[in-house]
Amino acid sequence: MNQKKLSTFQQLRRSLLSGREPLKTQRLVSVSAASCGRASGALAVASALMEEIKKYKLEDSVKVILTGCHGFCQFEPNVVIFPERIFYPNLSQDKIPLLVEKTLLQGQIVSELAFSDGQEGKIYPTIDELPFYRKQVRWLLDSHLTLEPDSLESYLEQEGFEALERVFSGMAPEEIIKIIMSSGLRGRGGAGFPTGLKWQMARGAKSDRKYIICNGDEGDPGAYMDRGLLESNPFSVIEGMIIGGYAVGAEKGFIYIREEYPLAIERVENALEKARVSGLLGENIMGSRFSFELELVRGAGAFVSGEETALIASIEGRRAFPRQRPPFPVVSGLWGKPTVINNVETWANVPLIIRKGALWFSRIGTAKSKGTKIFSLVGQVRYTGLVEVPLGLTLKEVIEEVGGGPEPGKKIKAVQTGGPSGGCIPASLFSLPLDYETLQDAGSIMGSGGMIVIDDDTCILDFILYFLRFARDESCGQCSPCRVGTRQMVRILEKIARGEGRLSDLELLEKIGWTMKEGSLCGLGRTAANPVLSALRHFQNELESHILRKECPAKVCRELICYEIDKERCTACGLCLQSCPVGAISQEAGGYPFINQALCTRCGVCYSSCPPEFSAIAKVNRRQVDPSLGKEGE
Amino acid sequence: MKQIENIQEEVDRIFNSLPPERRYLILFLHRVQQKLGYIPEEALLRSAEYFSASPAEVYGVVTFYSGFRLRPSCQHEIVICQGTACHVRGAQAIKEELSRILEITPGEANSGKNIALRTVNCLGCCALAPVVVVDGEYQARVNLKDLKKIVEKFSKKSR
Numbered sequence: 001m002n003q004k005k006l007s008t009f010q011q012l013r014r015s016l017l018s019g020r021e022p023l024k025t026q027r028l029v030s031v032s033a034a035s036c037g038r039a040s041g042a043l044a045v046a047s048a049l050m051e052e053i054k055k056y057k058l059e060d061s062v063k064v065i066l067t068g069c070h071g072f073c074q075f076e077p078n079v080v081i082f083p084e085r086i087f088y089p090n091l092s093q094d095k096i097p098l099l100v101e102k103t104l105l106q107g108q109i110v111s112e113l114a115f116s117d118g119q120e121g122k123i124y125p126t127i128d129e130l131p132f133y134r135k136q137v138r139w140l141l142d143s144h145l146t147l148e149p150d151s152l153e154s155y156l157e158q159e160g161f162e163a164l165e166r167v168f169s170g171m172a173p174e175e176i177i178k179i180i181m182s183s184g185l186r187g188r189g190g191a192g193f194p195t196g197l198k199w200q201m202a203r204g205a206k207s208d209r210k211y212i213i214c215n216g217d218e219g220d221p222g223a224y225m226d227r228g229l230l231e232s233n234p235f236s237v238i239e240g241m242i243i244g245g246y247a248v249g250a251e252k253g254f255i256y257i258r259e260e261y262p263l264a265i266e267r268v269e270n271a272l273e274k275a276r277v278s279g280l281l282g283e284n285i286m287g288s289r290f291s292f293e294l295e296l297v298r299g300a301g302a303f304v305s306g307e308e309t310a311l312i313a314s315i316e317g318r319r320a321f322p323r324q325r326p327p328f329p330v331v332s333g334l335w336g337k338p339t340v341i342n343n344v345e346t347w348a349n350v351p352l353i354i355r356k357g358a359l360w361f362s363r364i365g366t367a368k369s370k371g372t373k374i375f376s377l378v379g380q381v382r383y384t385g386l387v388e389v390p391l392g393l394t395l396k397e398v399i400e401e402v403g404g405g406p407e408p409g410k411k412i413k414a415v416q417t418g419g420p421s422g423g424c425i426p427a428s429l430f431s432l433p434l435d436y437e438t439l440q441d442a443g444s445i446m447g448s449g450g451m452i453v454i455d456d457d458t459c460i461l462d463f464i465l466y467f468l469r470f471a472r473d474e475s476c477g478q479c480s481p482c483r484v485g486t487r488q489m490v491r492i493l494e495k496i497a498r499g500e501g502r503l504s505d506l507e508l509l510e511k512i513g514w515t516m517k518e519g520s521l522c523g524l525g526r527t528a529a530n531p532v533l534s535a536l537r538h539f540q541n542e543l544e545s546h547i548l549r550k551e552c553p554a555k556v557c558r559e560l561i562c563y564e565i566d567k568e569r570c571t572a573c574g575l576c577l578q579s580c581p582v583g584a585i586s587q588e589a590g591g592y593p594f595i596n597q598a599l600c601t602r603c604g605v606c607y608s609s610c611p612p613e614f615s616a617i618a619k620v621n622r623r624q625v626d627p628s629l630g631k632e633g634e
Numbered sequence: 635m636k637q638i639e640n641i642q643e644e645v646d647r648i649f650n651s652l653p654p655e656r657r658y659l660i661l662f663l664h665r666v667q668q669k670l671g672y673i674p675e676e677a678l679l680r681s682a683e684y685f686s687a688s689p690a691e692v693y694g695v696v697t698f699y700s701g702f703r704l705r706p707s708c709q710h711e712i713v714i715c716q717g718t719a720c721h722v723r724g725a726q727a728i729k730e731e732l733s734r735i736l737e738i739t740p741g742e743a744n745s746g747k748n749i750a751l752r753t754v755n756c757l758g759c760c761a762l763a764p765v766v767v768v769d770g771e772y773q774a775r776v777n778l779k780d781l782k783k784i785v786e787k788f789s790k791k792s793r
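First to last, the sequence lines map onto chains F and H.
Per my numbering, the first sequence starts with residue 1, numbered consecutively.
Per my numbering, the second sequence starts with residue 635, numbered consecutively.
Calculated from the structure, these hints are not laboratory results.
Cβ atoms here follow ideal geometry from the backbone N, Cα and C, with glycine treated the same way.
A few of these clues could be false.
Capping the alpha-carbon separation at 27 Å, the derived lysine-lysine pairs in BS3-like fashion look like this [claimed, not checked]:
(1) Lys-55(F) with Lys-102(F)
(2) Lys-790(H) with Lys-567(F)
(3) Lys-102(F) with Lys-57(F)
(4) Lys-274(F) with Lys-669(H)
(5) Lys-337(F) with Lys-206(F)
(6) Lys-57(F) with Lys-24(F)
(7) Lys-782(H) with Lys-555(F)
(8) Lys-555(F) with Lys-779(H)
(9) Lys-567(F) with Lys-779(H)
(10) Lys-669(H) with Lys-619(F)
(11) Lys-619(F) with Lys-787(H)
(12) Lys-779(H) with Lys-410(F)
Derived list of chain F stretches under chain H, where covered just means 3 residues or more per stretch with a C-beta under 8 Å from a C-beta of chain H [unchecked claim]:
(13) 70-82
(14) 252-263
(15) 308-316
(16) 374-388
(17) 599-610
Next up, chain H with everything else stripped away, as it sits in the complex (with noise of 0.2 Å):
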């Protein structure tokens, strides 16, 4: 995890990057989310300040788009596509097999193996169904047998 200096360091050059108005302020999430890896409570009362908005509007903002994170993430990331083609070709099954393997449920993390699980709604890639996406890699046509074999593989590498 990162110091808090680094923080405060890292959220000034953010800042200075964009104008205080408001419609900047999802950008703004997106670039801490990009350079810490989560939203901290730091940046979360700095940018109400910043954007003149209450700290409640911006956790409104945080918690209402699914894909800003307040906790730090993990080294690693399984990601379970949920979308339509995959659920008619077994997603159900394989997110329930990779919480079981896991031992967590989507959006929890494996602390012991530094493993975060979380769902997405479709990432567009039907043709590939089911998909799973570990650390950014795309595994296509997933097979429940060969979960076990991925998160050996993956839990393994370092990144």
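Bound conformation, chain F alone (with noise of 0.2 Å):
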């Protein structure tokens, strides 16, 4: 039997793979193109790029691929150039006849079109030599570099399926989950539950049916791992799942992604497509005597979806109000059914510890938090982009390593993790090592792997306010912690940001905090006060200064603020003056513009028309102009 199982895969191979010139040999030139890089113009890079090679007869030679994200989504689009993996960052149109001539006809890298720091002008022509790529372990997202998401050739080509046809070769369920188990992946959705631990109690759940998801409804705003993975590599979290539903004995699965996310749900859908046409969906797979099938559900914005109750519900056609657990889903789940549900970077991890091993998946990370993490590394960072390191590594080393420290000239206060769940960890404990408990004992959590870093034009008041608005929107309204907690946040927080805060404001939140965690519903009642309490914890005397001095350190709180001409760089060009769009700014004599303070709404488009080679608005305290704002308050 087990021969016969081995051949189906073998002949799946033949018939796909046959006349394919293998990947090693060939001259690739791997446009980066997801999201990130549509949006910049990968699409028009890649056909100048098919024109040009055309013009030079390299057709044959040269072989131009579109790929998912490459990872450095600041320089979109971008290209990697094998064997020699030269990295050619924000590419336009105009410089590919250089590229073709130089490196791709002549093999010469060309230093003009290859990365540079800027600061120091060093040049990095190959991808592994960049500082943002150098720390990285990329066990996930390295094969973004040559796959073609929409191939299953190319899954196939590298490595693709090599996992479940170990697994049809013998292997039992019960094999599975203790591999799972011992190679100690947590959940990757944020509250890093032991993977292989789920799986074992959804296996020995007893049902007529158990089902297993996929959850892709990536809500928190600043985190896009899980669209980077869908649309970079489908069949990879098909693959895991293929897996996950034969080890817990589910029939059926759900991949559920949120409808903001267009192009992963086309890809998903075309993956699905043809692993079903392959046999690798759909009755007997591959000839055993697994019938397995995959659906993917999409979205329609909310939220509260990426909550496993409210996903369940959310799939079953109803609003997607969280439930109270337990019973937890495992146990009762979708149609009351046992149900697994995990992240989508989770299930993609599956496929890669099959294949290499339980010892090898354990080897990095630390004591509870093994193998690595994607993070999307953006905000106020001079590199920004999708990153996968180790777990263990210090939030240090990813901030200035990776992300290459500060924007110039600035200064980094925080890093915000876990997104609306999470919190902000303040610049002195960035020696902290990533890991879930740590980051749980700072005030914040993992959470699935938005990092947003902020530097001191950040005002920690508006960015928590951002945080409440955002949980205030999207409660769903079941219970009066969630519901009425981060209205009343939001109402001190606007309060405070108006200069007209009280020190006993502060005590207030942290009171209302505990109450929505202690008493909330669901997971996003009990850590929506998170960024309140962490910023309380972290950031007092920030907090204080809008209180006590009515002044916002970071001059962002627009009551707090006012806008003035220093004349000493203004040229009187005018420009301000034009921009203005409440007719505050007028000429004065000698042609210097004059900004009339009642007038001024601050809405800083006079700030972002003055050309950087001036810079001559300024942002001051408005109690330097104003002496009289909210005396009433100390």
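Put the two chains together into one complex; each comes in its own frame, and the hints tell you how they fit.
Here it is as structure tokens:
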């Protein structure tokens, strides 16, 4: 029997891959073309490339592929040229002739096209030398450089479905669960529940029917790891889910993707269809006795759908209302049946672990957090993009070495992890390692992988107000601690931002926060106060400054600042005057602009219209101009 | 706007592609909106019958998810990303300036210019922040002073 199963995989490979040139020997130009790349013009760059290649008659020796995300999203569109792995960032159509002539025809590296760090002017010709990539361990992401996301052939060529083949060549479900357990893989969606344990509970549950679900409702603003994976390597998630279905005894699975990710939906839909046609999904997969079907469900725009019980309600065609747990979904989930819900990244790790073994996987990480984790490193940091690092790396290493530290002339203040459920970790704690428990002790959470760096230009008060407004808008409204708590917190924070706060407001915020934590129904409500509680813990001074001195140190809170013309720098060019939407800027004697503070709405349009070489408009604390501001609060 | 016969026809066609099981309700609504640009009352009432739910329940679903619209959309649509990375890079000011230029608040439409404005929680293009999407075209690293030009460029173009 084993012999027969083995041969079905071999047959599939033979029929799909015969005649394809082996990847290793090819001159390959890989164009990063996930959503970020496309938004920056990757498709135009790719067609210019192909045209130029045709001009030189290089079609037979050079292959251009459109891949998913290369990770360095800030420098899209970019290409990686194989076999040397030459990296050219920020490409545009006009640079293509140079690239084709010098690199593809003559085999030279063009230093004008290569990545340069700007400050020291050092050139980094290959992707592996780039500081952004050097510290990363890209177990999942490296394949994105060479995989064509819509092609089953391409996936098969790069070890695709080898894990499934191994599973069908005689592994018992219990054996798979044991491997996942001993690998130490924990849920990548944020809570960090051991994946193997979840599977074992579902396996042990008695029921005529079981389900598995892939949670791709990546709702945390500022996080896009799942989008990156689904757009770049949809087959790995499908393979992981087939293995998961076999291990827990489910014959049906669902992939739930938020509708804000149209390209991910398109690519998963395509991958599912190709898997069905090739016998990788459906009845008796690849000649085995295991039948399994997968269905894509498209979200409709609700943050709370990412909560597992809410997600189940949404698949059932209802409002995404969370419900009380227990019973947990592994006991009673979709239509009351035992259901395993894992995050996209968790599923994508499964084929890797089966292929390489539990020991291999657990060799990196900390005592309790194993393997790698993908983060979306974004915000006010020099290099932004999708990064994959070993768990246990310190925040400092990620932010300063991978992320390149602060933007020129700025100072990093904190990093926010875990989205609206997480908190801010101040720069003074950046020596902490990335580990589920450590981040929790510091008042934040690992979360699904959003890592938003903020510098001195971001006001902590404004930042947490952003998260609380988000939580207020997305609260489903079933339970009062969350529904009322988020509303009241927003009110209090807005009051402080206007300069009308009192010190007792901070105590009140803390009280409301703990009430929400203790009393809310679901994870959204229980964690919604975290941004505020962590700010109270780490940034009390900055909050107090708004209350006691009526000053916003980052000069963000609108009621507490105003704009002024710096006459020493101003050249009276008149741009600010033209740009002001409310007519608050007029001309003084000598042609210099003058801002009428009574009319000014502090929208900042003049500030952004002033050419950077002049920077003649300054933000100042309003108190300096208007000493009467908020006297009574002291 | 489409005629009422047209709506009935389309809705029938979509019913034919889906079994009358409750779990297909959201997919049905997606397909109606994709075809017609919004979810007409007619479709809402008939889907309640088809999926054996009360009209109130269907209305509850439609209004719970921010992706569904109960009114016809405009020819042009501007979507402002409100993700965290966009927020720290000035999305709030962009929202206000666009509201001012178009004389509407997000969620509304300027019928004269035929442009609708709405916000979205996060598009996941955080490294390109702040992001605005005009008629499906992503605009990366948008600057306050570019907004007028962006609006003008797209309002002249017909879809």
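Which numbered hints turn out to be false for this structure?
2, 10, 11
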